[in-house]
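Given chain A's structure and the hints, the job is docking chains B and C onto it.
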Amino acid sequence: MDPIILMYAIINGVLLGGIYGGVALGLSLIFGVLRVINFAHGSFLMLAMYASYALWTAFGIHPYAGVLVTVPLLFAFGYFTQAVIIAPLFKRETALVVEPLGALLLTTGVFLVIDNGVLMTFGPDVRSVSTEFASGSISVMSLPINIPRLIGCLSALLIAVGLAYWLRHTDTGRSIRATAQNRDAAALSGIHVGKVYNITFGIGAAILGVFGALLVPFLSITPTTGLSFGIKSFLVVVLGGIGSIPGSLLGGILLGVFESVASQFVTATSASVFSFCLFIAVLLVRPNGLLGRK
Amino acid sequence: MSRKILEVKSISKRFGGLQAVSNLSFDIAEGEILGLLGPNGAGKTTAFNLIAGFFQADEGEIKFEGKQIRGMLPYQICRAGIARTFQLSKPFGGLSALENIMVGAFAREKSRPAARDEACAVLDFLGMADKADIDANDLTAFDKRKLELGRALATRPRLLLMDEVVAGATPSEAGEMVDLVKRVRNRGVTILIVEHVMKVIMGLSDRVIVMEQGQLIANGVPAEVVRMPSVLKAYFGEGYVSGGEYVSASA
Amino acid sequence: MNLKTKNATATLGLPLLAITAVVPLVVKDAYTLHSLTMIIYFAYMASAWNFVCGYVGQMSLGHSVFAGVSGYVTVLLFTGTGLSPWGGMLLGGCMAAVLSTFIGYPTFKLKGPYFTLTTIAFAEIVRIWLENTDEFMGIPLKGAQGLVVPPSPLGWQVFQFDGKVAYYYIALALLIVMLAATIALERSRLGYYLKAIRGDRNGAEALGINPTRYSLVALSISAFMTGLGGAFYAQFFRYINPERNMGLDLSIDTAIMSIVGGQGTVLGPVLGALILHPLAELTRSYLGGRFLGLHLIIYGVVLIVAVLYFPKGVIVPLERWLQRSGKSKR
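Quick note, the sequences are listed as chains A, B and C, same order.
Numbered as in the numbering used here, the first sequence ends at 518 without a single skipped number.
Numbered as in the numbering used here, the second sequence ends at 252 without a single skipped number.
Numbered as in the numbering used here, the third sequence ends at 984 without a single skipped number.
Hints are computed from structural coordinates only; laboratory data are not their basis.
Treat the hints with care, as some may be off.
Think about it this way: if two alpha-carbon atoms lie no more than 30 Å apart in a straight line, the pair counts; the simulated DSS-like pairs of lysine-lysine are [unchecked claim]:
| hint | chain 1 | residue 1 | chain 2 | residue 2 |
| --- | --- | --- | --- | --- |
| 1 | B | Lys111 | C | Lys796 |
| 2 | B | Lys183 | B | Lys145 |
| 3 | B | Lys10 | B | Lys64 |
| 4 | C | Lys763 | B | Lys64 |
| 5 | A | Lys315 | A | Lys419 |
| 6 | B | Lys68 | B | Lys132 |
| 7 | A | Lys315 | B | Lys64 |
| 8 | B | Lys111 | C | Lys765 |
| 9 | B | Lys91 | A | Lys315 |
| 10 | A | Lys315 | C | Lys765 |
| 11 | B | Lys5 | B | Lys200 |
| 12 | B | Lys68 | B | Lys111 |
| 13 | C | Lys763 | A | Lys315 |
| 14 | C | Lys765 | B | Lys91 |
| 15 | C | Lys796 | B | Lys145 |
| 16 | B | Lys10 | B | Lys234 |
| 17 | B | Lys68 | B | Lys10 |
| 18 | B | Lys91 | B | Lys132 |
| 19 | C | Lys763 | A | Lys419 |
Each pair of labels, with its calculated beta carbon distance range [unchecked claim]:
| hint | chain 1 | residue 1 | chain 2 | residue 2 | range |
| --- | --- | --- | --- | --- | --- |
| 20 | B | Phe16 | A | Lys315 | 34 to 44 Å |
| 21 | A | Pro470 | B | Pro172 | 48 to 58 Å |
| 22 | B | Arg109 | C | Tyr685 | 52 to 62 Å |
Note that beta-carbon positions come from the ideal geometry of N, C-alpha and C, so glycine has one too.
The shape of chain A in the complex, shown without the other chains:
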């Protein structure tokens, strides 16, 4: 096939993949610290997207500016979900109940509520936002690079680096890392584990607050967008390794490039079949992903 087209597909794949990686950061963080697989991860992203859309239709606020609203909003949602819905499960954990899946079930419930809440509020139609600012593409080596995607990818990089730095160098960040390594030891050293959990979940969701807004300028939204991003995030995290920030980006880029190149040959939906196969293959052969640590 035409090398230019292939090049274009790869570049596009990298950009989109970087965004996938960024979106998956929260999932990886939450699982790394709480050992909870957030089935509602995609739903949170979708919430941010619809919130961004609503801000634009109601007040004309550009999604990028809307980040100032979506981030705290999503942080609150995440914090609430952990503090009110999931936390009671942790308290019960000591009573040897057969519950490794309890958290998964709870987040499944949250997924059902959010996805259908959005469906109920906004209806099943496709929505989109078109803005003039920061739209269109720039030309790099005679290839068109879509600006919103570029911004999204660069943001993913920035957030990943920022998150890694924050986790390393701030007190809260260190508390989170300590809790992730050894919950009981962290508790014994005076760390309020419950609060750490709440904050971590909030941060995981807040990151989605950013990306929801960043995606809206170039992606159309339907009530099923959440589930498909959620599934992609699982793929990314399994590929790149749970609990690894660079792994998330790497996994995302791999997935993005794979999808982009594959869709030159087969339809996008068929390409997703291959993504699922990849997911299964990785889980069975190398369960810790490419860069992950258990």
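For chains B and C alone, coordinates are given in the frame of chain A:
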């Protein structure tokens, strides 16, 4: 001399950078109680798990009743006639004490009534017949240990591997367990027991072997082994043996 | 916790069965019969899911693939070769069972959520492939459009009936068989082994149990039964398509019903279906137009409440209530 029921020949196991077990060889004679001793980190549990099939040995041979069992998976090893207990007793939740033991009995009996009878007999042996219908999770810690033993016994093993059965037990409970172990042996079961509590293992074992840093450093009757310099050094350090500053522990 | 649900099962199960058996003699309205048949159908599907997942302690969210594959096999055999769905559904069930072995063998080695995600992946692979395939080796699959079962003058011989009553009783018969199978499971060696695997996999292995083997046995039986249900559903509506018959929604619905009702018990899944399906139906019929998706929001809330307050299912407080009101048989 009775025949050897278990022959371990030069097994080793490495985990990454750590050589947990190195060139370990020993035999167990049929009908004997062999104690496996050693300080923390000596590799006892690894050796134990190598025989039970939970880890696969890198090298060497393990023969049970003349048949090679190295490489077999845990459930195959149980079928072959070796049962084991676990350090952390975890009964099957949602099942009563009787039903827990029935799970073990089903290894030899296909029908529920037969398994039930077998399990009842085991409960009687343990002195827990009155606790048959109690949910296993509601048992006391010591009863859970006995249940653990009962489950393993229900599989009618010829060799029983016991891992730290008196950890956390009161002196009277420990005495009861020692008594049970002797009665198990009297039924014709050979026993390999890993234990930290000296009094228990010395009193129980016909013979002991001592490991240190993955290797065998002593093999003999308890009374002799406990006096060997290499053993004392392993437990108490160099200073003790060379008659340095340490005060000798009373017997 | 020892799930002694003997009281609930005996005290409630038999009268419930008796009532269900005579309902069509009293109720003649087609819409009501249709709804009741659907409740029985979901109770059946939830029970089939429970047969493996409730006892071995792993949560599959890809079970609908068995229903869908079996449904497609049944319909294709009928439209293509004229084989009556009575036989076709058995073949469909067998295909589902075989498929389940392929899926289960590698997947049972995975822990908790990874197992769940992998079952979703497998189911989605099959569903997406079907949705995008019009024709395969000469067999018309019609992709997302789905297949229609043409009406046939042979009527009952090819599993087609006038009115709803026949379907109602067939569904009931399936449910009774499923419940009997579950009771048999609880008393059997397989049942004990599954509970042991759920309780402590390593401990189970040390007692001579090959976890993968026994899990697969339970899974293939569950898949076969789910397959029968899927074939029934295809015949009931005389239509099948990938989204409806092997979608994530169906998988989640049957799992939730079993979990909310009480997984690992005989009556739990039935209770779950009895509570949740009518709830969904009522919301859909009274509020459906304006509030699309409300019934799923309710499912979500019920699931959250159940996990937090009734982790072993609604059947537990029910059982306790029955014991206290002296209807105990002990």
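Going down the list of hints, with the structure as the test:
no.	hint	in the structure
1	B:Lys111 to C:Lys796	49 Å, violated
2	B:Lys183 to B:Lys145	19 Å, holds
3	B:Lys10 to B:Lys64	8 Å, holds
4	C:Lys763 to B:Lys64	28 Å, holds
5	A:Lys315 to A:Lys419	13 Å, holds
6	B:Lys68 to B:Lys132	39 Å, violated
7	A:Lys315 to B:Lys64	47 Å, violated
8	B:Lys111 to C:Lys765	29 Å, holds
9	B:Lys91 to A:Lys315	21 Å, holds
10	A:Lys315 to C:Lys765	22 Å, holds
11	B:Lys5 to B:Lys200	26 Å, holds
12	B:Lys68 to B:Lys111	25 Å, holds
13	C:Lys763 to A:Lys315	29 Å, holds
14	C:Lys765 to B:Lys91	18 Å, holds
15	C:Lys796 to B:Lys145	59 Å, violated
16	B:Lys10 to B:Lys234	25 Å, holds
17	B:Lys68 to B:Lys10	13 Å, holds
18	B:Lys91 to B:Lys132	17 Å, holds
19	C:Lys763 to A:Lys419	34 Å, violated
20	B:Phe16 to A:Lys315: 34 to 44 Å	35 Å, holds
21	A:Pro470 to B:Pro172: 48 to 58 Å	55 Å, holds
22	B:Arg109 to C:Tyr685: 52 to 62 Å	56 Å, holds
Of the hints listed earlier, those the structure fails to meet are numbers 1, 6, 7, 15, 19, in rising order.
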